[in-house]
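**Q** Sequence:
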Amino acid sequence: MYYLKGDIITNGNIIPNQLIEITEGMITRIGGVRQGNAPIKEVKNGYICPGFIDIHIHGVDGMDFMDEGEDVFKNIANHLPKYGVTSYLATSRTASLSDINDFLHSAKQHASSRLQGSRMIGVHLEGPWISPQYNGAQSKILISQLTWEEVKTIIEPYQTIISKITLAPEELEDQSIIRHLVTLGIQVSAGHTNANMDQIETAIEHGLSQLTHTFNAMSPVHHRNPGTAAAAFYFDTLICELITDGVHVDSRMIDLLYKLKSKENISLISDCTGYNLLTNGEFSLRGKELVRKENEVRLKNGRLAGSAITLNEGVKHATDHCGISLEDAVYMATQVPMKACGSNRKLGQIKAGYFADFVILDQGLEVIETIIDGKVLYSRSL
Numbered sequence: 001m002y003y004l005k006g007d008i009i010t011n012g013n014i015i016p017n018q019l020i021e022i023t024e025g026m027i028t029r030i031g032g033v034r035q036g037n038a039p040i041k042e043v044k045n046g047y048i049c050p051g052f053i054d055i056h057i058h059g060v061d062g063m064d065f066m067d068e069g070e071d072v073f074k075n076i077a078n079h080l081p082k083y084g085v086t087s088y089l090a091t092s093r094t095a096s097l098s099d100i101n102d103f104l105h106s107a108k109q110h111a112s113s114r115l116q117g118s119r120m121i122g123v124h125l126e127g128p129w130i131s132p133q134y135n136g137a138q139s140k141i142l143i144s145q146l147t148w149e150e151v152k153t154i155i156e157p158y159q160t161i162i163s164k165i166t167l168a169p170e171e172l173e174d175q176s177i178i179r180h181l182v183t184l185g186i187q188v189s190a191g192h193t194n195a196n197m198d199q200i201e202t203a204i205e206h207g208l209s210q211l212t213h214t215f216n217a218m219s220p221v222h223h224r225n226p227g228t229a230a231a232a233f234y235f236d237t238l239i240c241e242l243i244t245d246g247v248h249v250d251s252r253m254i255d256l257l258y259k260l261k262s263k264e265n266i267s268l269i270s271d272c273t274g275y276n277l278l279t280n281g282e283f284s285l286r287g288k289e290l291v292r293k294e295n296e297v298r299l300k301n302g303r304l305a306g307s308a309i310t311l312n313e314g315v316k317h318a319t320d321h322c323g324i325s326l327e328d329a330v331y332m333a334t335q336v337p338m339k340a341c342g343s344n345r346k347l348g349q350i351k352a353g354y355f356a357d358f359v360i361l362d363q364g365l366e367v368i369e370t371i372i373d374g375k376v377l378y379s380r381s382l
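Residue numbers for the sequence shown follow this note's numbering, beginning at 1 and rising by one.
Do not take every clue at face value.
To be verified - When the alpha-carbon atoms are kept at most 20 Å apart in a straight line, the in silico SDA-like pairs for lysine to any residue are as follows:
hint: 1; residue 1: K288; residue 2: M63
hint: 2; residue 1: K263; residue 2: K288
hint: 3; residue 1: K263; residue 2: R252
hint: 4; residue 1: K261; residue 2: D250
hint: 5; residue 1: K82; residue 2: L278
hint: 6; residue 1: K375; residue 2: M63
hint: 7; residue 1: K261; residue 2: T319
hint: 8; residue 1: K259; residue 2: T319
hint: 9; residue 1: K261; residue 2: Q363
hint: 10; residue 1: K263; residue 2: D250
hint: 11; residue 1: K41; residue 2: L278
hint: 12; residue 1: K108; residue 2: V72
hint: 13; residue 1: K44; residue 2: Q363
hint: 14; residue 1: K259; residue 2: V249
hint: 15; residue 1: K316; residue 2: N45
Derived by calculation from the structure, the hints in this document are not laboratory data.
Given only the sequences and the hints, what does the whole structure look like? Please build it.
**A** Right, dumping it as structure tokens:
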């Protein structure tokens with residue numbers, strides 16, 4: 001047993017000078033007084049937050065979950081704590097169905113091993129069942145229509161680890177596929193889609209609950225033909241993923257979405273493609289010609305190729321530039337992602353009975369330390 005003591009941020013609040021009791025990897029008590037001689041780790045001039053949860057991340061530090069090699073999942077999991085990410089959904093990209101199957105197989109093996117590092121709480125399939133009109137940086141030739149046959153052969157065998165699927169609802173063989181996916185315990189999100197408002201509404205009736213990297217790779221807000229982006233504003237219950245890097249979405253649009261939906265239905269994501277450590281310049285990676293400039297990575301044709309930030313940077317940008325309070329930004333990087341996973345795991349809050357997963361931030365919102373299962377897995381001082 002030991003204690004953390006300091007200002008905590010949880011459930012949309014900053015609570016000063018709290019004592020957190022940690023026993024065998026779990027939070028056992030908040031407040032009160034120390035029991036016996038258990039050590040106290042005091043956090044001064046900083047914040048104790050629940051560990052960040054990234055539900056849309058393709059990789060980090062040069063690695064991608066769909067890279068070849070049996071250790072790629074383990075290596076990414078070991079790199080994420082330095083960015084304050086304690087849990088994540090391993091996210092795929094548009095690929096052949098055989099490659100998607102291999103990715104799912106690797107994810108299932110990793111899930112069963114539970115090695116040290118950030119915890120994988122599931123898989124997010126982003127493609128190949130998307131719209132060719134809004135493919136973004138994803139390969140257009142590998143896009144396909146989601147059919148009942150693929151549901152049976154690709155999705156159902158891995159339904160226990162698939163937490164979320166991004167798809168274009170207008171491209172489905174049958175809209176009732178959405179309802180079936182939801183009955184399997186899978187959250188369905190509209191992304192890389194050309195759907196209009198009516199099509200999104202129909203999809204919601206079937207169980208669609210989210211939008212993927214809102215405003216990006218989707219039909220836009222238009223006053224006569226409102227598209228998927230307009231649905232973000234109109235349908236209160238939709239959970240909206242949001243990349244807060246200063247590139248993907250203008251800060252004023254982020255502020256507008258925040259004012260309309262509050263903290264409850266916005267999930268901050270990184271959408272990191274593993275290019276976060278690239279220096280400025282031109283690169284040829286994974287068969288793509290890329291240009292890195294400052295905090296963005298684009299294809300040679302100018303299209304954004306995911307993001308080059310990590311989730312801790314997204315939280316900081318949201319508070320510094322988007323009119324979002326720190327306590328709400330932390331909420332959107334912890335509790336809303338858990339809701340978006342449809343998971344009842346005891347993660348995302350500082351609360352008795354929850355896993356002892358924390359990120360400790362300094363006053364400048366830089367990561368000082370990351371704790372998972374009560375163990376320090378990253379410390380800036382080391």
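**Q** Please name the hints from earlier in the document that this structure breaks, with their numbers sorted from lowest to highest.
**A** 2, 6, 9, 11
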